[in-house]
Amino acid sequence: MQLDLELYREETEVEPGVSISYIDVAPERPLRTFILLHGFGGNATQWQYQIETFSQHNHVIAIDMRGHGHSSCPELGYEMERLVADIMSVLDHLKLRQKGVLIGHSFGVALATEVAWRYPERVSHLILIAGVGEYDIRGIYKLAFRLPEALLSTMQPMVDSFIDASLRSLKQIYLHNMRSWRGWDKFPQLQMPTLVILGNKDQVLPQEAFERVAQLVPHETSEVISVDVSAHMVMLERREAVNRAIRRFIESPMAAQQVPRWRTRFETDSRGSLLRERPWLAYYETNVPATIHVPAQPLTRLLERAARRFPQRMAIVGGHVKLNYRTVLDESRRFANAIRALGIGEGSRVMLLLPNVPQMIIAYYGILTAGAVVVMGNPLAEEEETIRQAQMVEAEVLVTRMHNAALAMAVCEQAPVQHVVFADSKDYLPWQWRLWKSLWQRLASGDDRRGITDSGYGWRQLLRQHAPQRVAVEVNASDMAVIQFTSGTSGTPKGVMLSHRNLMANALQVRAWLSDARDGEETFLSVTPISHIYGMTTVMNVPISQGARTVMLSGFRVQEVLEEIKKFEPSYFPGVPAMYVAINNYPNVRRYNVQSMRACLSSGAPLPVEVEEAFEKVTKARLVESYGLTEASPVTHATPLYGRDKVGSIGVPLPSTEARIVDLKTKRPLPPGQVGELAVRGPQVMQGYWRDAEATDEALDDLGWLFTGDIARMDEDGYFQIISRSQEMWRSHNGDDTIYPRDIEEIIYELPAVREVAGVVFAGQPVAFVLVKDKSVIPADTIIAYCQRRLPSGHVPRHVIFVSEFPRNLIGKVLRRELYNEYAGQVEVGSGGVGQHLEGLDETPIDRELVK
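Here this note's numbering is used: the first residue of the sequence shown is 1, the next is one more, and so on.
No lab work stands behind these hints, which were simulated from the structure alone.
Predicted, not measured: the structure shown is a model, and the values here were computed from it.
Glycine included, every Cβ here is placed at the ideal spot set by N, Cα and C.
Errors might be hidden in some of the hints.
To be verified - Distance condition first, Cα-Cα at most 16 Å in a straight line; then the derived EDC-like pairs of lysine to aspartate or glutamate: (1) K646 <-> E610; (2) K667 <-> D702; (3) K665 <-> D710.
What the hints assert, rightly or not - Here are the computed distance ranges between Cβ atoms for each label pair: (4) R464 <-> E382: 30 to 40 Å; (5) T12 <-> L274: 23 to 33 Å; (6) G520 <-> E563: 17 to 27 Å; (7) K667 <-> R691: 16 to 26 Å; (8) E6 <-> G345: 25 to 35 Å.
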């Protein structure tokens, strides 16, 4: 898995005015601690490959020497005693008292040797890479360090591209430390197992000096590895060979002899206990970590890092819009400064009522940059519900589209909203298209902001008044970032409070699950609404976390989606079953190059087996079911992309996620195979419900377990299967059996003429709502007869109702509650046994449409 190391960077003050920067990555229950020390002129990020490899199972710390990388550059204090004290201060700050694996490269070998020699009780293994016992550098470098500091400062820009240190600091290290250090007498005194890794054809120091180190370390506990076809930077040039050597040395019986037996057992048991508690880890793909370290950073760091790493990479494309990461970051900072100027402070709520448009991403990250809280509104919600939510959270600013002026007025009148920012579809179009669209709007409808006076601002006009400067606001990972309302399928929508850490964790968990993703190279299809929590994570935060290109669409219109797939060839398409159904049934779909997609995550509703198989056949992409809920940011489970797939399951919990099945009444854990309520725990689980302590206490226990309300089972391998929402299951007529909608739906999906189906209970009896494919006909009697052959009598639908479309929520999930409300007065269900077609309702349409 690729790691953006800057997300894991921290610092500690080691003396007044001097801070040491370090990268700190740790999984749960790490086996060992690795401490990495770079060389003269280097920095901690040179250990990228070693950090990525060993942090899956170990706590890894890479330290920037003072004067290097992100550490302070004081005028004095570069003697060996001070540099060693810096290292020990970092370890003490992290409260690391146990022995660690200490690794040094080049002059870092001198530092590692000094630490191991002075503090043998803190080092379990010592690894010396391309280092010597004295650093007699070439004469031209010696001369350079005799130059005046004013001249060195002038030369600094010329060396910044290949030296990550100030020349002044390097001069101080050389004069007061490096040229006088001698390690030849210290190597024989080392008390811990030592591995010496030699390069070949080193151009920095003489080869015989490296070999002398290998001769001096104690041979009974040491090992020497020579890596051919490499030079001084051997851990970069031959990273796999170096990593194999380190792993083999750490795990060798010879090295293990130096570790107390009780500690060896602890290390083995700590990892083994994790596997015993989480049997699903055995089915993780090789490069997917069992746990992740969630950096103590605000979510905005994802966009900042993407803009720094890939400034010219297109972040948002689609239609005629093209915005690179540098522009998106600048615009988000403009927006942050704009709302700060409007009086928005830390913790203030700003409501977004937008579809998938560039302003959604820019405003989202701008609000968080300003230290405020994003309130996600549903663009398809009724006016009364939008007003209720704005009142409930006391939103001060509303960001919406210009054609929502009437709604904005209503919100301003009835909620504490003081300012409205209007986004226009032409804001980020090229000038030619902006001009054309402006003329068209004036001819068609005039100014859509009529009626809004002093409180209304045009997006472009507002942002132009502010510079893209960093906002001087400290935002902590524990701060609330988003209030996301639940879908309301089982009651009035509740406001879920999600912290920066919650959202950062889920973005990195999903990022880790995409095992073959390459930073800066992927393209995501962003059609799932960002205003829904599933879209927020999978089509916004995850792509940004890896510097991916996002193909943005404001709604799902199947032909438009296919045209964008053909044009941009996305590698990932997070969607919902209804979207995949529409693609499966589109004529001549293969001519749109749908084979460009590698993997698709399906969530929001159960993924029928027939839909999954048909989609994979058409596209050749891997379509896997995932599961989540708003209260968990939202993803908790997914099927391994290229691993074991159990049909009908939601897969296994993501890294750092625990899950279990509990008794519906007692909440006690149940053994594999039994049906109960799904409970989850992990860093993505919410802070609670907005101003609703009672509901929070019902959903979360004192140990952090979230009770989802979903009925599920777990098998012996740790794969989970969602059976039903607790509100949607029902007992059979005689009370002996529990019936779940999915049991009926999966059977009816097997009929070729059926496009979609939803099971709903009326008066304790099942009814099937069916949407047939275009130009297909299937009698209700045929459906009922098929169910009678495949299902127990109590599960057979008593009626089949044909509909022209289903009522859906924002992401396309069928709303069974609305089906029930629509037909409750028309469906008469007796206590008798056989199902029948409900006459007179064949052509009854439900006039709600998300997927065409």
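Going down the list of hints, with the structure as the test:
1. For the suggested pair K646 and E610, the alpha carbons sit about 14 Å apart, so the restraint of at most 16 Å is met.
2. Between K667 and D702 the alpha-carbon distance is near 13 Å, which keeps this suggested pair within the 16 Å criterion.
3. Our distance criterion of 16 Å between C-alpha atoms is met by K665 and D710, whose separation comes to about 13 Å.
4. In this structure the supplied range 30 to 40 Å holds for R464 paired with E382, their Cβ-Cβ distance being about 34 Å.
5. Distance hint for T12 and L274: a CB-CB separation of about 29 Å, consistent with the stated range 23 to 33 Å.
6. At roughly 25 Å, the beta-carbon separation of G520 and E563 lies within the given 17 to 27 Å, and the hint holds.
7. Taken as a hint, the range 16 to 26 Å holds for the pair K667 and R691, whose Cβ atoms sit roughly 25 Å apart.
8. Between E6 and G345 the CB atoms are about 28 Å apart, so this pair conforms to the stated range of 25 to 35 Å.
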